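First to last, the protein sequences are chains A and B. Per the working numbering, residue 27 is the first one in the first sequence, and the count goes up by one each step. Per the working numbering, residue 27 is the first one in the second sequence, and the count goes up by one each step.
Simulated from the structure, these hints should not be mistaken for lab results. Accuracy of the hints is not assured; some may be wrong.
Same chains, same names: a pair is fine if it fits in one copy or spans any two.
[As the list claims (entries may be wrong)] BS3-like, lysine-lysine: derived pairs with alpha carbons at most 30 angstroms apart:
id: 1; residue 1: K306; residue 2: K102
id: 2; residue 1: K102; residue 2: K71
id: 3; residue 1: K314; residue 2: K369
id: 4; residue 1: K306; residue 2: K156
id: 5; residue 1: K71; residue 2: K369
id: 6; residue 1: K277; residue 2: K151
id: 7; residue 1: K71; residue 2: K151
id: 8; residue 1: K342; residue 2: K369
id: 9; residue 1: K71; residue 2: K277
id: 10; residue 1: K252; residue 2: K342
id: 11; residue 1: K306; residue 2: K342
id: 12; residue 1: K369; residue 2: K151
id: 13; residue 1: K102; residue 2: K344
id: 14; residue 1: K252; residue 2: K277
id: 15; residue 1: K314; residue 2: K176
id: 16; residue 1: K277; residue 2: K204
id: 17; residue 1: K177; residue 2: K92
id: 18; residue 1: K342; residue 2: K177
id: 19; residue 1: K314; residue 2: K92
id: 20; residue 1: K369; residue 2: K306
id: 21; residue 1: K176; residue 2: K277
The structure displayed is predicted, hence computed values, not measured ones.
Protein chains: 2
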Amino acid sequence: MEHMTPADQAPKTAAPVTDLFDITIIGGGPVGLFAAFYAGLRHLKTKIIDSLEELGGQLTALYPEKYVFDVAGFPKILARDLANNLISQAMQYHPTISLGEIVHHLDPVTQVPGHTEAITSTCYKVTTDKQTHYTRTLLLCAGAGAFSPKKLTLPEAEGLEHRGLYYACRSKADFAGKNLLIVGGGDSAVDWALNLADTAGHITLIHRRNQFRAHEDSLRQLQRTKARILTFFELESLIAANGDLTGAVIKNNQTQEIQTLNIDAVLVQIGFHSSLGPIKEWPLQIEKGSIRVNQHMETALPGIFAAGDVATFDGKLKLIATGFGEAATAVNYAKHILDPHAKIFPGHSSEMTPQHDSIVTL
Amino acid sequence: MEHMTPADQAPKTAAPVTDLFDITIIGGGPVGLFAAFYAGLRHLKTKIIDSLEELGGQLTALYPEKYVFDVAGFPKILARDLANNLISQAMQYHPTISLGEIVHHLDPVTQVPGHTEAITSTCYKVTTDKQTHYTRTLLLCAGAGAFSPKKLTLPEAEGLEHRGLYYACRSKADFAGKNLLIVGGGDSAVDWALNLADTAGHITLIHRRNQFRAHEDSLRQLQRTKARILTFFELESLIAANGDLTGAVIKNNQTQEIQTLNIDAVLVQIGFHSSLGPIKEWPLQIEKGSIRVNQHMETALPGIFAAGDVATFDGKLKLIATGFGEAATAVNYAKHILDPHAKIFPGHSSEMTPQHDSIVTL
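Okay, chain A solo, but in the shape it has when bound (with noise of 0.2 angstroms):
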């Protein structure tokens, strides 16, 4: 089993902040990578944002380790692999990608700044928590929205964000020779113990039952690890000096033994809250958290289309499949707009080599 993560293969390009895209498409997750791979096919520039620090969306987030069956031409495939292939596919086009941003605001703008070429029709500013982004369109693939990890409820918790206590591990450099320890027991819970293995100085992992959400082959391999794993512990309290996490106090829920553990770091993998925020305040037509789309899949506003489990439209489920094909959809009518001369249909596949869609002679 590989525990390299897919944002690792995916190169992170640094585009100029005022650089005007194509088309900017906001999530991450299965049919983002397969909406930013057909923008490629059409030649579009293009950028992803995803609140989360990796690609993959729920597929990596909540589930790598489970197997799909429903996605067309794969009898199984592991959610962790699947969303692997969707990022090589989206990559063939070096699609800017901006991780680990949560969208605010959407303005339309007629100009952009350092952008000197004539701008002929309405764009749009992306405001996001950390920068500004301007796109001529925008594809909504946020699926249940942004993904922020499950915060402790601990009052000291918030002081020691970033000064020992962590929820994302963004550089395994954090924990290098650190006394850690990892609260959860689900798939991000023991795949980071296995990931970290070799990094930390020593890893104890606690969760608060006796079973494991976790795929079993993973658990199988963390406990041929120094690990050690603790069930039916739950975080009492954290420890702390000088403002810097120096300890935490763990209580059994069925014994009530209480164990005090001298640690550096905590990282917590508890789950994802989901959640659409701001985008609600956006003036499109929103239907019980979804988005109204047309049969192009374009939103009430001009040139901002939503795709998979985020829209909705008579007769639409929320499948993988059907938001593939509405990723599709999507970008070659948003193609459409950004040059009315291009086709719609985008012609055969078999027919383009991938890069330069030249017909094939046959």
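Fit chain B to the supplied structure of chain A, relying on the hints for placement.
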């Protein structure tokens, strides 16, 4: 390279002719195969009917050795491999397969011969050129229509069909030890020349041009066999004795050179015609050769659905990715007609075991 055809691995289940099926899928191409998978996932008793002798549709019949780039999750895949994957995916649920049958008539019926259970809703009788099928719902995934091999226009050809002249290889035994002439320069011609190399006594392949549409690797393989490959040659006439083929006259279209070959069999592989054929006369809304559907993929007739290239609606794009999504949509709405208590949404596949739909407790 494998020269096993997808049909080799597909079990052809023989069901009693009067068996009433929940869903009958017309077309065993990629969209029909994915529909059959989805129908199995939803526990529908499923039949596939196709006019060709093997499953896979255009993927297998027209461009088995070409790469397809626009299927989600496959950066690239050979059409033949995609067809095999889709067949394996569908066969998990053991649909009944009727190959080499062309659909003629559709009639609503309220009784099914030999069927004793009460039939509460409209059923349909589907008559092909070979037999009669009964079904509760129908899903047309007929692509560009039924494929039939392009035939020779020589006046003597019709009388020699199956008396030495063949347009398909239904059984390799037909060619055992024979002096065989293969006509054509595409994948089918070259693949059959390779496939029959050990079966036929001797093989001559003629092609009217000196450029082959076939995959160059296949052609190179063929050049390493004992087969004689003649380019710029066309079939001029067929020679018969007592109604059986005994020879062929071929002519070089550059030099006008004539050769007379002593052969016992000709296998013509010069492409396919496709046509919706009798389906065009059914009381459906046909628009520019496609069948109009609503957002449930249902046609003007209740319980009759269409998906993929044969279906049309506002915004429709004829792509493999959209066809897969439409197939999933059609099957889930067919399920709802068959069992109004069933949810339209099938649940997430990662929560199902493929055969049982049981929810994994998380």
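Hints versus structure:
In this homomeric assembly, K306 and K102 never come within 30 angstroms of each other (Cα to Cα): the closest approach is 35 angstroms inside a single copy and 37 angstroms across copies. Taking the shortest Cα distances, K102 and K71 sit within 30 angstroms of each other only across copies (21 angstroms), while inside one copy they are farther apart (33 angstroms). Proximity of K314 to K369 under the C-alpha cut-off of 30 angstroms is restricted to the inter-copy arrangement: shortest distance 18 angstroms between copies versus 34 angstroms within a copy. When the C-alpha separation of K306 and K156 is checked against a cutoff of 30 angstroms, the pair qualifies only within one copy, where the shortest distance is 19 angstroms, while the shortest distance between copies is 57 angstroms.
For the identical chains of this complex, K71 and K369 are intra-copy neighbours only, at 17 angstroms inside a copy versus 40 angstroms across copies, given an alpha-carbon limit of 30 angstroms. For the identical chains of this complex, K277 and K151 are neighbours neither inside a copy (49 angstroms) nor across copies (67 angstroms), given an alpha-carbon limit of 30 angstroms. Taking identical chains as interchangeable, the C-alpha atoms of K71 and K151 lie at most 30 angstroms apart only when both belong to the same chain, with a minimum of 16 angstroms there against 51 angstroms between chains. For the homomeric pair K342 and K369, the shortest alpha-carbon distances inside one copy (26 angstroms) and between copies (13 angstroms) are both at most 30 angstroms.
Taking the shortest alpha-carbon separations for K71 and K277, neither the intra-copy value of 53 angstroms nor the inter-copy value of 53 angstroms comes in at or below 30 angstroms. Neither within a single protomer nor between protomers do K252 and K342 lie at most 30 angstroms apart by alpha-carbon distance, with minima of 49 angstroms and 56 angstroms respectively. For the homomeric pair K306 and K342, the shortest alpha-carbon distances inside one copy (19 angstroms) and between copies (28 angstroms) are both at most 30 angstroms. In this assembly of identical chains, K369 and K151 lie within 30 angstroms of each other by CA distance solely inside one copy; the values are 27 angstroms within and 40 angstroms between copies.
For the homomeric pair K102 and K344, the shortest alpha-carbon distances inside one copy (19 angstroms) and between copies (26 angstroms) are both at most 30 angstroms. Proximity of K252 and K277 under a CA criterion of 30 angstroms is satisfied intra-copy only: 22 angstroms inside one chain copy versus 78 angstroms between copies. In this homomeric assembly, K314 and K176 come within 30 angstroms of each other (Cα to Cα) only inside a single copy, at 23 angstroms, whereas the closest approach across copies is 53 angstroms. Proximity of K277 and K204 under a CA criterion of 30 angstroms is satisfied intra-copy only: 22 angstroms inside one chain copy versus 81 angstroms between copies.
Taking identical chains as interchangeable, the C-alpha atoms of K177 and K92 lie at most 30 angstroms apart only when both belong to the same chain, with a minimum of 24 angstroms there against 50 angstroms between chains. For the homomeric pair K342 and K177, neither the shortest alpha-carbon distance inside one copy (33 angstroms) nor that between copies (44 angstroms) is at most 30 angstroms. Taking the shortest alpha-carbon separations for K314 and K92, only the intra-copy value of 28 angstroms comes in at or below 30 angstroms, while the best inter-copy value is 44 angstroms. With identical chains, the CA atoms of K369 and K306 are at most 30 angstroms apart between copies only, with a shortest distance of 28 angstroms across copies and 33 angstroms within one.
Taking the shortest alpha-carbon separations for K176 and K277, only the intra-copy value of 20 angstroms comes in at or below 30 angstroms, while the best inter-copy value is 77 angstroms.
Going down the numbered hints, you'll see the structure goes against 1, 6, 9, 10, 18, while the others check out.
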